[in-house]
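Engineer: Taken in sequence, the protein lines are chains A and B.
Residue numbers are given in the working numbering: position 190 of the first sequence equals residue 192, and the series is strictly consecutive.
Residue numbers are given in the working numbering: position 36 of the second sequence equals residue 41, and the series is strictly consecutive.
Hints may contain errors.
[Unchecked claim] What follows is a list of derived Cβ distance ranges for each label pair:
hint	chain 1	residue 1	chain 2	residue 2	range
1	B	Gly85	A	Ile363	54 to 60 Å
2	A	Met338	B	Pro109	20 to 26 Å
3	A	Leu315	B	Thr92	52 to 58 Å
For the record, the hints were derived by calculation from the structure and aren't laboratory data.
By construction, the Cβ of each residue, glycine as well, lies at the ideal position given by its N, Cα and C atoms.
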Amino acid sequence: MESDPASTLTGPGRPSPPGRPPRPQSAGVAGAYAVLAGTLLSLIGTCWDVQWHVDVGPDTFFTLPHLVLYSGSAIAGIAGLAMVLSATFAQRAGRPVDPTVGGSPVRVLGGTFTAPLGYLVAGTGAALFLLYGLLDLWWHSLYGFDAVLNSPPHVALFISVSLTMAGAVIVFSASRAQRWGRIGFVVSIPVLITFTPITTNALNGLGLPVDHRLAGTVFFAVCFVLMGAITLRHRWVALSIAAVLGVMQLFVWWFSPWAAKVYADYVGLPLRDNLRDMPPQVPAGMPMFLLAAALVMEALLWLGRGRGWPVRLLPQLTGAAGGVVLGLSMLVQASMLRGGAGGGPMGRSATSATTVLAVAILGLAFGALAGYLAARFAVLLRLNTPAADQESR
Amino acid sequence: MRDRAGALLLALCVVGAAALLWTPSAQAYAPVEPGQAYAPVEIVHTEQVRAGPYHLTVGFSTWPLRAMQSLDFTFTPDGGLTGKSGTLSMTGPGMKAGMRNVSPLSRHPRERSVWGLDIQALPTAGRWSFTFTIHGPQGQGTGTLSDITVLDQPGPPLALSWTLCALPVVGLLAFLIAAWRRHRPSRHLVAMGV
Numbered sequence: 003m004e005s006d007p008a009s010t011l012t013g014p015g016r017p018s019p020p021g022r023p024p025r026p027q028s029a030g031v032a033g034a035y036a037v038l039a040g041t042l043l044s045l046i047g048t049c050w051d052v053q054w055h056v057d058v059g060p061d062t063f064f065t066l067p068h069l070v071l072y073s074g075s076a077i078a079g080i081a082g083l084a085m086v087l088s089a090t091f092a093q094r095a096g097r098p099v100d101p102t103v104g105g106s107p108v109r110v111l112g113g114t115f116t117a118p119l120g121y122l123v124a125g126t127g128a129a130l131f132l133l134y135g136l137l138d139l140w141w142h143s144l145y146g147f148d149a150v151l152n153s154p155p156h157v158a159l160f161i162s163v164s165l166t167m168a169g170a171v172i173v174f175s176a177s178r179a180q181r182w183g184r185i186g187f188v189v190s191i192p193v194l195i196t197f198t199p200i201t202t203n204a205l206n207g208l209g210l211p212v213d214h215r216l217a218g219t220v221f222f223a224v225c226f227v228l229m230g231a232i233t234l235r236h237r238w239v240a241l242s243i244a245a246v247l248g249v250m251q252l253f254v255w256w257f258s259p260w261a262a263k264v265y266a267d268y269v270g271l272p273l274r275d276n277l278r279d280m281p282p283q284v285p286a287g288m289p290m291f292l293l294a295a296a297l298v299m300e301a302l303l304w305l306g307r308g309r310g311w312p313v314r315l316l317p318q319l320t321g322a323a324g325g326v327v328l329g330l331s332m333l334v335q336a337s338m339l340r341g342g343a344g345g346g347p348m349g350r351s352a353t354s355a356t357t358v359l360a361v362a363i364l365g366l367a368f369g370a371l372a373g374y375l376a377a378r379f380a381v382l383l384r385l386n387t388p389a390a391d392q393e394s395r
Numbered sequence: 006m007r008d009r010a011g012a013l014l015l016a017l018c019v020v021g022a023a024a025l026l027w028t029p030s031a032q033a034y035a036p037v038e039p040g041q042a043y044a045p046v047e048i049v050h051t052e053q054v055r056a057g058p059y060h061l062t063v064g065f066s067t068w069p070l071r072a073m074q075s076l077d078f079t080f081t082p083d084g085g086l087t088g089k090s091g092t093l094s095m096t097g098p099g100m101k102a103g104m105r106n107v108s109p110l111s112r113h114p115r116e117r118s119v120w121g122l123d124i125q126a127l128p129t130a131g132r133w134s135f136t137f138t139i140h141g142p143q144g145q146g147t148g149t150l151s152d153i154t155v156l157d158q159p160g161p162p163l164a165l166s167w168t169l170c171a172l173p174v175v176g177l178l179a180f181l182i183a184a185w186r187r188h189r190p191s192r193h194l195v196a197m198g199v
């Protein structure tokens, strides 16, 4: 793959060749929302599958939760492939390739294909998901159908899904001049955030000196919320992202145990004995109080922009404040969701002064780093489609 | 040109679906009907434990045991489960004091007449022990099945598996570094604003 822009790169900022109009936006809307729908299915399928293992247990490759999970990547992958082929044929026919449809086109395999960046990333994630799915089948044939999240193929599968979700974010950021693009952008970011606790679970066996789940949640949630707010530069974007995440969390909180029970009834399997009154595993790991952190970040961005605070410092400051609030809110969340003798889906919770101080420092450090990177990622997203009309909305 | 693109896309979809459905692994796991989708529990080895007044038969669906390889365990008290309850504690190599995980004995999801664990793996090789505490009509009893040998994990070394499965992360980092070096986002930050 070469990352050189395709030779026919044009955009709204450049005039199209006369008589050869760019492809209509409807194709871009369909492709973008197909990728987003695929990522949503992946998220729902994952939550359902994990809850199935917790509440019911027995597993094969062809279960309904697996079907939903795999169909999500299939839909996103086919949509990405279709958009890449569309851009390739357009480029070969001499038509301009619109960078607002999926991002700047890049040459792949020596120019054999012309791929909009977002669809390339989403499609690569879907293709990797298929490959690692086959590896996962082999793994299960060797080790059995163990229900562990952090086996090597499972982690690779989760990262592949995350790549597709990141591709969806790039696709919608390229269309941020359009209302449908901004809506999709605000929805695609929380999808990515909701998946990060599952992926950071892979660090479980490393024995890190910090709580990897807490650090991962603070880092990725703050980074992606700020990245969204800085990319769109609209007020209320951070709050909107957090609100959409809350809606998603509520939905999978209800859906996962419900679907596990309905499916168990359908296949004639009982629920496990001794199921404790625990919240659903994946939704309980998502940050419940992201709105509070988003409110702080929104306020600081508004203040900083209005009073002309240094641009090089504002993202870190905002991220650090958001990180502290989110970190401390995760302590509250862990305390609320603690199950049995201290071990719930959020792990053990302790509320000593030392713990609070340690979490505040962790939130400060990871939040500041997330803020630094968020501003740079936002620049990269904006440079991906730097057309004049995108900037002067 | 659009017709060619459509035909190519359709062909790719058909080939991909056929490849998935015709893999031997996929066929091996394809269920016939919902009720037949889940294999019955087949015990190939048993051990005996005495927990106070109770006698317990511990069954294994795979023998010998290997680290990370999941199997079904069954725990069958003489006289059945009626009127009995209990807990199971598993200890193994590398587990520190206090890490002992005590869980209530639950019926096996696919063999409801006995207690058990479905598709569970012991993570490390070495000697494991299972301690049972049973409550029943004859009071409480505790017994331990010790010296269960778990052999090394099958398959390639874990480091190789992790290396292979970390390639998407490596690719993602390489992509981000390439984008960063090409565009130097810090230089554009002030001009673009936040």
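Engineer: Could you check the hint for me, namely that Met338/A and Pro109/B are 20 to 26 Å apart, CB to CB?
Structural biologist: Once the Cβ atoms are compared, 24 Å apart, the range 20 to 26 Å for Pro109/B and Met338/A holds.
Engineer: Hint says 52 to 58 Å; check whether the CB-CB distance for Leu315/A and Thr92/B agrees.
Structural biologist: holds (55 Å)
Engineer: Does the beta carbon distance between Gly85/B and Ile363/A stay inside 54 to 60 Å, or does it fall outside?
Structural biologist: The hinted range 54 to 60 Å holds for Gly85/B and Ile363/A, with Cβ atoms some 55 Å apart.
Violated hints for the displayed structure: none, as all numbered hints are satisfied.
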